[in-house]
Each structure stands twice: as structure tokens, then as C-alpha cells.
Amino acid sequence: MHESKLLVFFSANWKKFIYVFLVCAICGVVIDRLRTRRSTRTKQDFVTAKRCFVKFHQGHPLDLLSFEEIEKIMIRHPELSPSLEPLVAQTLFMGGKSFEALHYAMRPQERVKRYIPSYYHAFSCSSSLIAQQRYLEAMQNSLLLRDQLAEEREGFTYLKGFNFVRILFLAKKMGDEELLLKTWEKIKEMPAFGTINQIFSTGECDLNSYTHSTSSIGISAAAAPAINFLNSKKRHG
275 MHESKLLVFF
285 SANWKKFIYV
295 FLVCAICGVV
305 IDRLRTRRST
315 RTKQDFVTAK
325 RCFVKFHQGH
335 PLDLLSFEEI
345 EKIMIRHPEL
355 SPSLEPLVAQ
365 TLFMGGKSFE
375 ALHYAMRPQE
385 RVKRYIPSYY
395 HAFSCSSSLI
405 AQQRYLEAMQ
415 NSLLLRDQLA
425 EEREGFTYLK
435 GFNFVRILFL
445 AKKMGDEELL
455 LKTWEKIKEM
465 PAFGTINQIF
475 STGECDLNSY
485 THSTSSIGIS
495 AAAAPAINFL
505 NSKKRHG
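Each residue of the sequence shown is one higher than the last, beginning at 275 in the working numbering.
In case anyone wonders, no lab produced these hints; they're calculated from the structure.
All residues carry an ideal CB built from backbone N, CA and C; glycine is no exception.
You can trust all of the hints, since none of them are fake.
With a cut-off of at most 30 angstroms between alpha-carbon atoms, the simulated DSS-like pairs for lysine-lysine come out as follows:
#: 1; residue 1: K324; residue 2: K346
#: 2; residue 1: K346; residue 2: K371
#: 3; residue 1: K324; residue 2: K371
#: 4; residue 1: K387; residue 2: K460
#: 5; residue 1: K329; residue 2: K387
#: 6; residue 1: K371; residue 2: K447
#: 7; residue 1: K346; residue 2: K317
#: 8; residue 1: K324; residue 2: K387
#: 9; residue 1: K447; residue 2: K462
#: 10; residue 1: K329; residue 2: K346
#: 11; residue 1: K371; residue 2: K387
#: 12; residue 1: K317; residue 2: K329
#: 13; residue 1: K460; residue 2: K447
#: 14; residue 1: K387; residue 2: K346
#: 15; residue 1: K371; residue 2: K329
Quick list of simulated restraints, FRET-style, between CB atoms:
#: 16; residue 1: R427; residue 2: D337; range: 43 to 51 angstroms
#: 17; residue 1: E463; residue 2: K346; range: 42 to 50 angstroms
#: 18; residue 1: Q414; residue 2: K317; range: 44 to 52 angstroms
#: 19; residue 1: K456; residue 2: T322; range: 43 to 51 angstroms
#: 20; residue 1: Q472; residue 2: Y409; range: 23 to 31 angstroms
#: 21; residue 1: E411; residue 2: K371; range: 18 to 26 angstroms
#: 22; residue 1: R325; residue 2: E452; range: 45 to 53 angstroms
#: 23; residue 1: S392; residue 2: D450; range: 20 to 28 angstroms
Please take these sequences and the hints and turn them into a complete structure.
Below is the structure:
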């Protein structure tokens with residue numbers, strides 16, 4: 275029973291932070307595009323795109339019908355692709371189609387990387403490595419990002435937190451008990467700990483119970499529900 279609860283927790287949380295960068299970087303673009311370009315596309319496409327985006331904003335993956343609609347809308351309205359590609363990437367990723375998902379996930383990264391702090395792009399690159407199961411490289415990049423963010427006395431609060439959570443999960447996966455526990459202590463000391471811990475809690479399991487469990491659930495068992503918690507935060511927050 276305990277193992278089953280841990281599986282539910284792990285599955286619900288492992289990839290939550292993988293697309294945080296994408297959502298954070300693009301969230302501001304989405305609404306603007308949906309509003310300013312409304313007159314140049316059909317009303318039905320606008321309604322459908324907005325409905326799908328709202329569902330994604332609430333943390334729900336697209337169903338098959340919505341996914342097919344989004345693909346058609348992107349063909350009819352290429353200008354909407356930057357806003358809708360994260361939704362497609364997330365849906366493909368949850369369907370186990372990691373390489374197809376990366377195609378859509380990397381495109382918006384390249385578009386926005388020159389407009390946002392480089393830390394977000396670094397976080398995103400590690401996300402891509404995780405999707406490709408290149409965990410050692412992802413860990414190395416995440417540790418480097420941790421050290422770079424440590425030099426920032428102000429701002430990037432939630433990015434720091436999500437990066438620490440990523441290191442926690444990677445340390446668990448790679449069996450690095452010392453790093454796991456040290457990272458957990460750092461997470462608990464963060465001003466945003468309450469919020470972050472709440473986000474990564476599922477049922478009776480939370481980050482604390484996961485950190486101290488003896489379970490060795492594989493990453494392949496994890497699903498990939500999206501969150502865009504940073505959607506409402508400032509880029510430097």
C-alpha cells in the first residue's frame with residue numbers, strides 16, 4: 275500500500291517542473307496573441323485555442339480531440355504556433371512520445387531565449403536532457419544552475435526552488451543519498467518552501483515522505499502532468 279502511494283506521488287510530480295520554463299516564457303505571449311490577432315482568424319479557432327490554453331493553464335493535459343484540434347489550428351494559423359506548441363509537447367510527452375515532444379518543446383525555447391534571463395534557458399535545456407533520459411548530464415547542468423543562481427541575492431525564487439526539486443528527484447533516481455538529503459534541507463530552508471511543497475504533494479505523499487522513502491520507483495513509471503505555477507509570477511521571481 276505504501277509503495278502504491280509513492281508510485282502515485284512520483285507519477286504525479288516527477289515531470290511537473292520539466293515544462294515550467296516553457297510555460298513561464300510563453301504565458302505572456304499567449305494572451306497577447308489571442309487578443310491582437312483575433313480579427314485575422316475565425317471565431318471558432320479563437321474559442322478553441324483559448325479553451326485549450328485555459329485547460330493547460332489549470333494543469334490539465336489535452337485530450338485526443340483537443341490535441342487534434344490544436345494541430346489543425348496551427349496549420350491554419352502558423353502565427354499561433356509559439357503559443358500552442360507547449361500544449362502539443364506536453365500531450366506528446368505524456369503519451370510516451372518523448373522525441374516528438376522535444377521537437378515542439380525546443381522550438382519556443384529558441385524563439386524566446388534572447389528575451390529572458392539565461393537561467394530559464396539553462397533550466398529548459400536540462401528538461402530536454404531528462405526527456406531523453408540523459409540523467410547524468412541533466413544533473414550536472416542542474417548543479418551548475420544551482421551554483422549560478424546562488425550568486426543572485428534577489429529574485430528567481432521559484433526557479434531556484436524548482437531547480438532544487440529537480441536535483442532532489444535526480445539524486446533519488448541516481449542513488450545519491452548524500453546529495454538527496456542535503457538538497458532536501460536546502461528546500462526546507464527556502465522562503466517559498468510552503469508553496470513548493472504544496473505543489474509537489476499528492477494525496478498522503480509529499481516531498482518529505484518521498485525523500486525519506488526506500489522506494490526505488492523508476493522514472494519510466496512517471497507520467498508528465500503539466501503545471502504553469504510560474505505563469506502568475508514575474509520572470510525574476
